[in-house]
Amino acid sequence: MGPPALAPQTLRPRRPPTPPYTAALARCGSTVRLHNNRAYCLAKLGSYQEAIADYSAVLELDPANVHAFHNRGISYDKLGMFERAIDDFNTVIEMEPANSVAYFNRGSTFDSMGAHDQAVADFGRALELDPGARTPDHGPGGGGGDGQEPAGGAR
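Going by the numbering used here, 115 is the number at position 115 of the sequence shown; the sequence numbering is gapless.
These are computed hints drawn from the structure, not numbers from a lab.
None of these values were measured; they are calculated from a predicted model.
Hints should not be assumed to be uniformly reliable.
To be verified - DMTMM-like mimics (lysine to aspartate or glutamate), calculated; alpha carbons at most 25 Å apart, straight line:
id, residue 1, residue 2
1, 78, 96
2, 44, 111
3, 78, 111
4, 78, 117
5, 78, 62
6, 44, 60
7, 78, 60
8, 78, 50
Stated by the list, open to error - Pair by pair, the computed Cβ-Cβ distance ranges are:
id, residue 1, residue 2, range
9, 124, 95, 19 to 29 Å
10, 118, 95, 12 to 22 Å
11, 97, 132, 12 to 22 Å
12, 45, 127, 13 to 23 Å
A virtual CB, placed ideally from N, CA and C, is assigned to each residue, including glycine.
Please build the complete structure, drawing on both the sequences and the hints.
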């Protein structure tokens with residue numbers, strides 16, 4: 001005999017977490033933290049196009065925000081916009097040359113593009129920088145498969 005059936009009224013649809021951020025943006029105006037937090041939630045929900053818009057808004061306000069470049073790159077990758085993803089990962093690597101996760105994610109994008117030599121080179125560089133690293137999807141605090149990283153204090 002299987003588990004007892006749940007009564008239909010006990011199942012509630014999961015509400016997206018973005019309305020509070022949208023309301024706060026309307027009330028407080030555009031801030032890096034609000035746009036970044038909403039983008040992070042949107043990406044977790046698979047709304048990558050909307051996440052890209054918010055990460056781009058973060059970059060308009062803070063052009064040196066490495067987390068926004070990195071997470072926007074991941075969102076571009078998820079949409080198959082590989083050249084744009086590579087551009088964002090390149091920017092992250094220029095800003096933080098020792099960022100092993102950026103090398104790993106750029107390598108993953110190169111792999112998706114069929115640029116296997118470049119992918120292997122980036123995976124190798126990621127391991128040189130962090131020999132004990134595990135993939136972002138499976139490592140400590142892994143992102144549940146999307147690789148997104150919250151910015152400091154963004155949770």
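Results of checking the hints against the structure:
1. 78 to 96: With a Cα-Cα distance of about 23 Å, the restraint between residue 78 and residue 96 holds, given a limit of 25 Å.
2. 44 to 111: Holds. Residue 44 to residue 111 sits at ~22 Å (cutoff 25 Å).
3. 78 to 111: At roughly 13 Å apart (the allowed maximum being 25 Å), residue 111 and residue 78 satisfy the hint.
4. 78 to 117: 21 Å, holds
5. 78 to 62: Since the Cα atoms of residue 78 and residue 62 sit roughly 24 Å apart, the hinted pair holds (cutoff 25 Å).
6. 44 to 60: 22 Å, holds
7. 78 to 60: Given that 25 Å is the threshold and the Cα spacing comes to 22 Å, the pair holds.
8. 78 to 50: 12 Å, holds
9. 124 to 95: 19 to 29 Å: Holds - the Cβ-Cβ distance for residue 124 and residue 95, about 21 Å, lies within 19 to 29 Å.
10. 118 to 95: 12 to 22 Å: 20 Å, holds
11. 97 to 132: 12 to 22 Å: 19 Å, holds
12. 45 to 127: 13 to 23 Å: Roughly 31 Å apart at Cβ, these two residues miss the hinted range, so it is violated.
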